[in-house]
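Hey, can you work out the whole structure from these sequences and the hints?
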Amino acid sequence: MPEASAVTDEGDETDAESGQTPDFDGEVPVSVRVRADTLKPLLSAVGALVDECRLTFGRDGIRAAAMDPATVAAVDAELDAAAAASYEADGTVVGVDVTRLEDILSMAAGDDPVTLALDPESFRLHVVADGLEYAMGLFDPDSVRGPPDVDDLGFEHTASLTVPVDMVGRFVTAAGMVADHLALSVDPDAETFVAAADGDTDDVQFTVTAEEAVAFSPGDAGSLLSLSYLIDIERAIPAGTDVRLTLGRKAPLGVAYDISGGDGRVEAFVAPRLKAV
Amino acid sequence: MPEASAVTDEGDETDAESGQTPDFDGEVPVSVRVRADTLKPLLSAVGALVDECRLTFGRDGIRAAAMDPATVAAVDAELDAAAAASYEADGTVVGVDVTRLEDILSMAAGDDPVTLALDPESFRLHVVADGLEYAMGLFDPDSVRGPPDVDDLGFEHTASLTVPVDMVGRFVTAAGMVADHLALSVDPDAETFVAAADGDTDDVQFTVTAEEAVAFSPGDAGSLLSLSYLIDIERAIPAGTDVRLTLGRKAPLGVAYDISGGDGRVEAFVAPRLKAV
Amino acid sequence: MPEASAVTDEGDETDAESGQTPDFDGEVPVSVRVRADTLKPLLSAVGALVDECRLTFGRDGIRAAAMDPATVAAVDAELDAAAAASYEADGTVVGVDVTRLEDILSMAAGDDPVTLALDPESFRLHVVADGLEYAMGLFDPDSVRGPPDVDDLGFEHTASLTVPVDMVGRFVTAAGMVADHLALSVDPDAETFVAAADGDTDDVQFTVTAEEAVAFSPGDAGSLLSLSYLIDIERAIPAGTDVRLTLGRKAPLGVAYDISGGDGRVEAFVAPRLKAV
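Residue numbers (UniProt numbering), protein chains in the order written: chain A, 1 to 277; chain B, 1 to 277; chain C, 1 to 277.
FYI, nobody ran anything at the bench for these hints, they're computed from the structure.
Built from N, CA and C at the ideal position, the CB exists for glycine as well.
Any given hint could be a false lead.
Computed spacing ranges between beta-carbons, pair by pair [said to hold, decoys possible]: (1) B/P69 x A/G261: 50 to 58 Å; (2) B/T115 x A/D103: 40 to 48 Å; (3) B/P69 x A/E102: 31 to 39 Å; (4) C/R235 x A/S31: 52 to 60 Å.
Computed far set for chain B versus chain A, every beta-carbon distance over 12 Å [claimed, not checked]: (5) R33; (6) R59; (7) P113; (8) S122; (9) R124; (10) V165; (11) M177; (12) A196; (13) D198; (14) D232.
Here you go:
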């Protein structure tokens, strides 16, 4: 997740075909035709944390990245060009109101093809679906907070497990009944993952064994997390999705999953809390 | 839509059978037996604009008419006597709390026959359905604002089209995302209907071609309308209904549709705005 | 419904097996395994009136009893040990947050077996379901208002009828449209039950004949009741349940029904009002 400071994410490269540095009014116009329900999971993932995000129409696909205002959680989502019925773009980066874009797409039937086209003159994104044309104003991408580069942060992850999203939903819901934080840990000897929340009078604990997980890579890990970010991230995950949780010792939690039948990927991170308040 | 000033809508006629001027305690008692779901669309159409309306139990059917408090929109709805399992009335006009009457009918199953009977002594409408008898207080119809006579207003309509109600729903929803008003126009050369709304940063436009419409009678037409009235009117239209939109040059919009399988009709009007604020 | 002043409901008996007075840390640990949807109707019935109640884990089953804060309505609910997949208890009485316990059970699928186990050391109830363990803090049962003994109150009931719960729902909903109270009466000559509510302008009346009732035992009866308690009690009754209403002359209304396929029983009472305000 590079800290984008320019309007292109490939600013140090030249466009192979045009021989020019691609920018907003480059030679290749941005024009994407994609089913509404193919695009929605990418937007939902980012919209869970922010209202405004950077959207990159790269040569190989769309990328959305954001960090929440409190800089506790970040998300990076990609959708391959192959997921679209037709795809033309060269790396233009724009700032969009992601909630608004979700609302517009919700007016299209799930299997409706939606066309997204950038109008460089008016700096607007045209969303066209079945008789409806919506021209959405864009932001300067530099005015939108981008996520930090995850690799630069040097997280040391020691354990991971893959579970169905409804299992994640169960433990965040249960934890929310007693507290606003949640301790996630992996016991390498017992080969179990434990989500635990302590309230004033009530405690709750959710255990996943290696056998119950889709995949389990044990290791010594344990972090305390603010629940609200996890709740938001979990809500954006499509039903039936397998989710990979990555943990460390007082390290951020990673939440990764595929979208759009494998033609896209979401990776979210939640920074640990030092202690419960 | 005559401005009713008396308690009968046929006050200048005499009752053929009784030889008397029909009034609230006339010779023919009002007694109507009708399915709850047959009566509901008439009430919904009027309830979309007002809480209280005039209800006329005419010899040939029930008529409800109302104008909204700001006198921007009016509605006139009729249900033929043939839609009822049994029907007896002679032109009595009463003022009813239409929201309350909708609530009462919502307690009856859709295919339940409901009996409406006027009690002239207590000035109440008795609604009887499956063990339940509800006696609803009535208003003096003169105390309820009636709609103006549409013919007197001399609207000059120049174009019309018929579209499924869900198409109307799409463009009022889309317009509501960016503005509180909506421009409707017909391009006679292109043979298209366009609904357009301009917001501060975003614009939305919905186009219906002659081919996409159920029926299309082109002509030069264009009006600016307050969105809230259109939203209320559209919500009251039963799913699957074809709606006829009538337009002029800065003239009111007409919204007309059949109810109860053709045994009733609704006609609504929304006055144009001079300009967007 | 005895006014429980001790932590056991069988405090005057000795435990046959252990030879000791059973108490919270008795020889027989409380451990119940039961489907979530088997336990829910008992909790719903009590939760309709109170947030906190006394829960008795008796030798033959679970009993929950409560009186609302205004001491107008009381409820007593039982679930036989036979309704549970496994059952071990000796009469321990605890105070529970019934709303919280309902929330916890709502996280289990209806046909999930849930295990309830008392931890006498931490004075908490452990609820275990499919990976999730919730430790719920308990109250001193003496701190929770128990219901009065119904037999001591000497109600003289003169009439009763059994009707489907949706019939009760219809008349409480209809009455709620016009008033906050409701008169229930039985006419022994006409063999009818009448629920009537008088509002400022509107009246509503619901009549059940002996033929329409599942069972009818006529007698002179009539009471005025606050509607809100009836609404709360009715909402907690599972769909499709037959409800037995017991009436007297200015006597409390009894509302009794079976839960969990006959393996449990609920009995609620609502004290009459002297007059409508």
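To see whether the hints hold, each was checked on the structure:
Between B/P69 and A/G261 the beta carbons are some 53 Å apart, a value that agrees with the proposed interval 50 to 58 Å. Between B/T115 and A/D103, the C-beta spacing of about 45 Å keeps the proposed range 40 to 48 Å intact. A C-beta distance of roughly 36 Å is found between B/P69 and A/E102, which places it inside the suggested range of 31 to 39 Å. Between C/R235 and A/S31 the beta carbons are some 54 Å apart, a value that agrees with the proposed interval 52 to 60 Å.
The claim that B/R33 lies off the interface holds: its Cβ sits roughly 41 Å from the closest Cβ of chain A, which is beyond the 12 Å cut-off. Once the 12 Å rule is applied to beta carbons, B/R59 is consistent with being away from chain A; the minimum gap is 44 Å. Under the 12 Å C-beta cut-off, the non-interface status given to B/P113 relative to chain A holds; the minimum distance is some 38 Å. Non-interface status of B/S122 relative to chain A is upheld: no Cβ of that chain comes within 12 Å, the nearest being about 50 Å off.
Its beta-carbon lying about 45 Å from the closest one in chain A, B/R124 satisfies the requirement of being farther than 12 Å from that chain. Every beta carbon of chain A lies more than 12 Å from that of B/V165, the smallest distance being close to 15 Å; the non-interface claim holds. At roughly 6 Å, the least C-beta separation between B/M177 and chain A is not larger than 12 Å, which violates its mark as non-interface. With a cut of 12 Å on Cβ distances, B/A196 falls inside the contact zone with chain A, its closest approach being about 9 Å.
Separation of B/D198 from chain A is inadequate, the least Cβ-Cβ distance of about 9 Å not exceeding the 12 Å criterion. The claim that B/D232 is not at the interface with chain A holds, since no C-beta of that chain comes within 12 Å of its own (minimum 19 Å).
In summary, the structure is inconsistent with hints 11, 12 and 13 from the numbered list given earlier, while agreeing with the others.
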